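Student: Given the coordinates of chain A, work out where chain B should sit on it, guided by the hints.
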Amino acid sequence: MNYFPDEVIEHVFDFVTSQKDRNAVSLVCKSWYKIERLSRQSVFIGNCYAISPERVIGRFPGLKSLTLKGKPHFADFNLLPYDWGGWVYPWVEALAKSRVGLEELRLKRMVVSDDCLELLSRSFVNFKSLVLVSCEGFTTDGLAAIAANCRYLRELDLQEIEVDDNRGQWISCFPDSCTSLVSLNFSCLKGEINLTALERLVARSPNLKSLRLNRAVPLDTLQKLLMRAPQLVDLGIGSFVYDPSSEAYIKLKATLVKCKSIRSLSGFLEVVPCCLSAIHPVCQNLTSLNLSYAPGIHGNELIKLIRFCRKLERLWILDSIGDRGLGVVAFTCKELQELRVFPSGVDNAAVTEEGLVAISAGCPKLHSLLYFCQQMTNAALITVAKNNSNFTRFRLCILDREKPDPVTMQPLDEGFGAIVQSCKRLRRLSLSGLLTDQVFLYIGMYAEQLEMLSIAFAGNSDKGMLYVLNGCKKLRKLEIRDSPFGNTALLTDVGKYETMRSLWMSSCEVTLGGCQTLAKKMPRLNVEIINEDDQMEFSLDDRQKVGKMYLYRTLVGPRKDAPDFVWTL
Amino acid sequence: MSQDTTVDSPESSDGASLMSFDTELTLGLPGESRSPARAPAFAQGHKKNCTKRGFMETVIDLNLGTSHISMPRGQNSESRVSGTGKYPAAKAQVTGWPPVRSFRKKTLEGSSKLVKVAVDGAPYLRKVDLQIYSSYQDLFRALEEMFTCFTTRDYNMEERKLTGALNGREYVPTYEDKDDDWMLLGDVPWKMFVESCKRIRLMKSSEAVGLAPRTPTNC
Numbered sequence: 001m002n003y004f005p006d007e008v009i010e011h012v013f014d015f016v017t018s019q020k021d022r023n024a025v026s027l028v029c030k031s032w033y034k035i036e037r038l039s040r041q042s043v044f045i046g047n048c049y050a051i052s053p054e055r056v057i058g059r060f061p062g063l064k065s066l067t068l069k070g071k072p073h074f075a076d077f078n079l080l081p082y083d084w085g086g087w088v089y090p091w092v093e094a095l096a097k098s099r100v101g102l103e104e105l106r107l108k109r110m111v112v113s114d115d116c117l118e119l120l121s122r123s124f125v126n127f128k129s130l131v132l133v134s135c136e137g138f139t140t141d142g143l144a145a146i147a148a149n150c151r152y153l154r155e156l157d158l159q160e161i162e163v164d165d166n167r168g169q170w171i172s173c174f175p176d177s178c179t180s181l182v183s184l185n186f187s188c189l190k191g192e193i194n195l196t197a198l199e200r201l202v203a204r205s206p207n208l209k210s211l212r213l214n215r216a217v218p219l220d221t222l223q224k225l226l227m228r229a230p231q232l233v234d235l236g237i238g239s240f241v242y243d244p245s246s247e248a249y250i251k252l253k254a255t256l257v258k259c260k261s262i263r264s265l266s267g268f269l270e271v272v273p274c275c276l277s278a279i280h281p282v283c284q285n286l287t288s289l290n291l292s293y294a295p296g297i298h299g300n301e302l303i304k305l306i307r308f309c310r311k312l313e314r315l316w317i318l319d320s321i322g323d324r325g326l327g328v329v330a331f332t333c334k335e336l337q338e339l340r341v342f343p344s345g346v347d348n349a350a351v352t353e354e355g356l357v358a359i360s361a362g363c364p365k366l367h368s369l370l371y372f373c374q375q376m377t378n379a380a381l382i383t384v385a386k387n388n389s390n391f392t393r394f395r396l397c398i399l400d401r402e403k404p405d406p407v408t409m410q411p412l413d414e415g416f417g418a419i420v421q422s423c424k425r426l427r428r429l430s431l432s433g434l435l436t437d438q439v440f441l442y443i444g445m446y447a448e449q450l451e452m453l454s455i456a457f458a459g460n461s462d463k464g465m466l467y468v469l470n471g472c473k474k475l476r477k478l479e480i481r482d483s484p485f486g487n488t489a490l491l492t493d494v495g496k497y498e499t500m501r502s503l504w505m506s507s508c509e510v511t512l513g514g515c516q517t518l519a520k521k522m523p524r525l526n527v528e529i530i531n532e533d534d535q536m537e538f539s540l541d542d543r544q545k546v547g548k549m550y551l552y553r554t555l556v557g558p559r560k561d562a563p564d565f566v567w568t569l
Numbered sequence: 570m571s572q573d574t575t576v577d578s579p580e581s582s583d584g585a586s587l588m589s590f591d592t593e594l595t596l597g598l599p600g601e602s603r604s605p606a607r608a609p610a611f612a613q614g615h616k617k618n619c620t621k622r623g624f625m626e627t628v629i630d631l632n633l634g635t636s637h638i639s640m641p642r643g644q645n646s647e648s649r650v651s652g653t654g655k656y657p658a659a660k661a662q663v664t665g666w667p668p669v670r671s672f673r674k675k676t677l678e679g680s681s682k683l684v685k686v687a688v689d690g691a692p693y694l695r696k697v698d699l700q701i702y703s704s705y706q707d708l709f710r711a712l713e714e715m716f717t718c719f720t721t722r723d724y725n726m727e728e729r730k731l732t733g734a735l736n737g738r739e740y741v742p743t744y745e746d747k748d749d750d751w752m753l754l755g756d757v758p759w760k761m762f763v764e765s766c767k768r769i770r771l772m773k774s775s776e777a778v779g780l781a782p783r784t785p786t787n788c
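Chains as they are written, first to last, in our numbering: chain A, 1 to 569; chain B, 570 to 788.
These are calculated hints, taken from the structure and not from any lab test. What you are looking at is a predicted structure, and each value in this text was computed from that prediction instead of being measured. The beta-carbon is built from N, C-alpha and C at its ideal position, and this holds for glycine as well. Be careful, since some hints might not be right.
[As the list claims (entries may be wrong)] Now the in silico label distances, taken between C-beta atoms and shown as ranges:
| hint | chain 1 | residue 1 | chain 2 | residue 2 | range |
| --- | --- | --- | --- | --- | --- |
| 1 | B | Gly755 | A | Ala248 | 20 to 28 angstroms |
| 2 | B | Lys760 | A | Glu335 | 39 to 47 angstroms |
| 3 | B | Lys760 | A | Asn126 | 39 to 47 angstroms |
| 4 | A | Val125 | B | Glu714 | 55 to 63 angstroms |
| 5 | A | Asp115 | B | Lys760 | 33 to 41 angstroms |
| 6 | B | Asp749 | A | Gly557 | 56 to 64 angstroms |
| 7 | A | Ala248 | B | Lys760 | 18 to 26 angstroms |
| 8 | A | Lys386 | B | Arg695 | 40 to 48 angstroms |
| 9 | B | Asp750 | A | Asp220 | 32 to 40 angstroms |
| 10 | A | Asn126 | B | Lys682 | 43 to 51 angstroms |
[Claimed, not checked] Partner residues are not named here, just some residues of chain B that face chain A (Cβ under 7 angstroms, in silico):
| hint | residue |
| --- | --- |
| 11 | Pro667 |
| 12 | Ser681 |
| 13 | Ile701 |
Okay, chain B solo, but in the shape it has when bound:
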C-alpha cells in the first residue's frame, strides 16, 4: 500500500519553495489562516521549526484534526493497519513530540548558541558554542586552537587583529549580526555580542575595508 506522500512529506510538495508558506500545498477549510507563526494559546513558548511545515502540523495547529477531515486520518490509519507499510521518510513536526516537558525544552533551547566560524583560507568551517565562553579573550583562545594556521597567540585587542606567524597574515575578526550587518568583534559587551552574533568570519586584513565592512562575503 503506497502512501500518498505529497501530503505528508514537505519535500515532495509541488516544487514551490519550502520557505514560501503561501504557496505550499496544504489542506484546510477555506479562509483558514496559513500563518506559520500561529501557535495555539496553550502552546506558550512552544517553538516550532516553521520552515518545513508538513500537513499534519497544519492540521494540528489549526485544530482541523478535531473536525471532519477524513482524508488525512484515513491515510494515517491505513498506514497503521498495514503495520509494515512505508512510513514517510521526513516527518512533520507534531505538538508534544518528542514528549519533553516545555520547561526542559525551553531551558535547553536557550543553552547553546552554535555559530559557524569561517577563516579565510581554511578549507572548511567550524562551529563554536558561544555560550561556553565568558569573554572575547576566551573565544579567541578557542579559535586559535581550532585553526592551526595560527601558531602564536598574539591577539592585539587594541588593533583587533590576530597575527599568524606562519604566513604573516593578519586576520580581522568580524561577525554577522541579527541585522545581517558585518561587524567588528569587540565593540559591544560580550553578552550582547553572543545574543546578536549569527556567524563569525576571520577576514584577511587585506580584504577588510574600513572598520565595519558591509559586504557580507558569504563564507
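Isolated chain A, as found in the complex:
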C-alpha cells in the first residue's frame, strides 16, 4: 500500500539508478513494480537470448537506453564459431515497430549488419549514442547511415572492431547541421579517412570531449584538430610519425601545451619513438593512459613518459615495459586503480612476479588487474594479497599453460588461495598456471562476492568444480576450458544454473548424456552443444564427450536463430 501518490514514489525512484537496485525495488509490491517499470529508462540485458525484445519493450515502454550483450566471453578467443549468433537486427526491428524513443544503444559481442545500422538511424528521431564493443558484421556504409541520419548524434564509439571495406567517406556524411558530437572514436578502423571532412566536423562540434583517431590521421591533421578542440578531455592519437625538426612537429608541441583538459590518452598505433617529449606536458594531468596498442613506445622513452604521470588512475600497457618499468610505475603512480599488462608477443619482454609485487607494494589504491606474465610464484601472490586486499578484479594469465611456481615447482593453489582469502570484495577472477582441486576449495570457501570465474587447464576432478558451485553464492558467470570436470560436477546441483547467467564448458569431460539429463531437468535453461565439424553427426551416443557446451538461463526457450551446428537440447 502506498502512502504517497505515485508521482512522489516515481520521483524517489529517479534517484535509484543502478539496475540492480531498480530490480530490487520492483520486487517490493505490485504497485512499485508498475511504477518502476514505467519509469525505467536504462535497461541492461546481459544475455540477449535470455529474453525477447518484445517482452523487454512490453515491460519498459519508457526505455531510452538499451545495453545488450551477445556472445559468451570465450568468443573473444576464437572458441566460438563465426555464425553462432548474437544478431542485433531483431532487437532494432522490434524497437522500431514499437513506440520506444530509443536514444542510446550499447552492444557488446554482437553481430551488427549495415541494414541494422540503417534501420537504427532512420527509426529513432532522438537517437544520440551508439557504442559498439567487440562487435562485427558491418562496414563503413553502416556508419555512413548513422552519420547522415542521426541528427542529434552525440556519441559514436567503436571499440576493438574489425570493420570491413573501409572507405573514408562516411565521415563526410555528417551533415553541416550536426553540431552535437561529444564523443567520436574510430581508432579501430583500418582504412583512410577524409581528413578535410574530419577537420570540419571537429570545427563545428563545440561540445566534443572525446576524440580517438585511427592511424590514417597524420600529425599535421592532428595538430589542426587540437587547435579546433582545445577542450578535449580524451584523446586517441592514431599516427605519431614525424621528423623532430619539422615545422609540423613544433606546431604540435605548442598546441598540445594549450590542451590543458586532456585527462585520458591512448593510441599511438604508429609512433616514432625517439622524441615523445611533446606528450610530456599532457602526462602531468593524465588519469588514464592506454599504450597497449603502441609497441613502438618502449624502453627508456616509455619510462621517461611514465615518470610524468603522477596522477594516473588507469594504465593499459604492453609487457615490453618489463619488471623494471613496472617498478617505475609503482614509484610514480600512487593513485593507480586499474592496471592491465598485455602480451606484446615479443619473447623476452614479458613481465614476471617481480613487477606485480612492486606494483602491489607501491600502488595502494589498485583494485583492478589484468596481468599477462611469464611466470608467477606462490610467494609473490601471497605478498600481493598481504599488500593489497582491495582487489575487485584479479585476472592473471601466465602465458605458459599449466606452469607451476618456478621456484618450488608447486601448483599455484596457495597463491590464489591467499588472494581470495584476503580480497573479500573480489568479484571477478581468472586463473592460470598449474592448479589442482585445492585452489577451487579455497575459492569456494572464501570468494563470497565472486561473480565471474574463468578457468583454463586447471583442476584434477569433479570436486574442483563442485567446490565452486557450492561455495560461490553470488556466481553469475562460469567459464571453463580444458579442465577435467565431468557429469558429476555438472549435474550435482542443477538448480544452481538458474541463479547464474551462463556456464561455458569446452574440452572438458562432460558427455552428451550428461548435458541431455541437465536439459531435461531444467527446461528454463538453454543447453547448447556447439559442433563446428560438419562431418560429425549428432549421434545418439550418450558417452560421447561434448566439445563445447554453453548453457544459460532464459525466459523464452530455445532460440530460433541457432545455426545448424548448434544443438539446443
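Tutor: Positioned in the frame of chain A, the structure of chain B alone reads:
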C-alpha cells in the same frame, strides 16, 4: 608418472624434419587432412605458427577433440591428476591461448616488422623494426648509429653507397625480398620496401656485382 612426450612435444618426434608436416607423427582418423594451413571457419585470421605443430593443436584444429580420442585426453587428465607431474617443456599452440582478443592480436601482429641487419665485417647482426621509420633516410640514420664502423654520415643517395671514413670502405645497402632476391635499397617506394623486405645486408662494394646482385650470401 612419466608422460609420453612423443605425442606432446614436437621436438621428440621421430627425427623427421619439423618442417615436413607430412612425415610428422600425428594421430588422427584415416583420411583426415594434414594441412597445416587449415583454420576452422570461425578462426578468421587467427594465424598460427605452423612450423611446429604439436599433437594438441592438430586435435583441436581438426576438431578431433570432440570425438572419442581417449588417448590424448587420458594423458592430459593423468598429468593433471598427479598435480605436480611433469608438464611438457614445449607446448603446442592451442586455439584461444593466450586469451587475447583477435582484434588485439591482429593489430599487434602487423605493427612491428623486425628484420635482421648484417654488415659485412661486423661481428654480429642487429635487428631493426622497419615500421618505426618513415623513409630510407630515417633508416640509414638509425643504421649508422647502430654500426660504429661508420663515423661520418655520408649517404649518397644517388650512388646508393654509405661511406665509412674509418676504413674507407664503401657499403652497398641491399635487402632480401619476399621472392628471395637480393635487391638494392631505394628503388621502390618506402612502404613497398617495408612490406617486402625480409632482411638487410650492407654489402662491401667490392663484393657487389652489378646493381642487383642475385647471390644471396647468407649473413
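Student: If a hint holds in the structure, say so; if it does not, say that too.
Tutor: Now for the hints, and whether the structure bears them out:
1. Evaluation of the 20 to 28 angstroms hint for B:Gly755 and A:Ala248 yields a pass: the beta carbon distance comes to about 25 angstroms.
2. Taking 39 to 47 angstroms as the suggested C-beta distance range, the pair B:Lys760 and A:Glu335 conforms, at roughly 41 angstroms.
3. Taking the beta carbon of each, B:Lys760 and A:Asn126 are about 44 angstroms apart, inside 39 to 47 angstroms as hinted.
4. Range check, A:Val125 to B:Glu714: Cβ separation about 60 angstroms, and the 55 to 63 angstroms hint holds.
5. A hinted range of 33 to 41 angstroms for the beta carbons of A:Asp115 and B:Lys760 is consistent with their spacing of about 35 angstroms.
6. For the hinted restraint 56 to 64 angstroms between B:Asp749 and A:Gly557, the CB-CB distance of approximately 59 angstroms keeps it satisfied.
7. The given range of 18 to 26 angstroms is respected by A:Ala248 and B:Lys760, whose C-beta atoms sit roughly 19 angstroms from each other.
8. At about 44 angstroms, the CB distance of A:Lys386 to B:Arg695 agrees with the hint of 40 to 48 angstroms.
9. In this structure, B:Asp750 and A:Asp220 meet the distance hint of 32 to 40 angstroms, their C-beta atoms being roughly 37 angstroms apart.
10. With their beta carbons about 47 angstroms apart, A:Asn126 and B:Lys682 fall inside the hinted range of 43 to 51 angstroms.
11. Interface hint status for B:Pro667: upheld, as the beta-carbon distance to the closest one in chain A is roughly 5 angstroms, under 7 angstroms.
12. A hinted interface residue such as B:Ser681 counts as satisfied when its beta carbon comes closer than 7 angstroms to some beta carbon of chain A; here the least separation is about 5 angstroms, so the hint holds.
13. A hinted interface residue such as B:Ile701 counts as satisfied when its beta carbon comes closer than 7 angstroms to some beta carbon of chain A; here the least separation is about 5 angstroms, so the hint holds.
Checked against the numbered hints listed earlier, the structure breaks none of them; every hint is satisfied.
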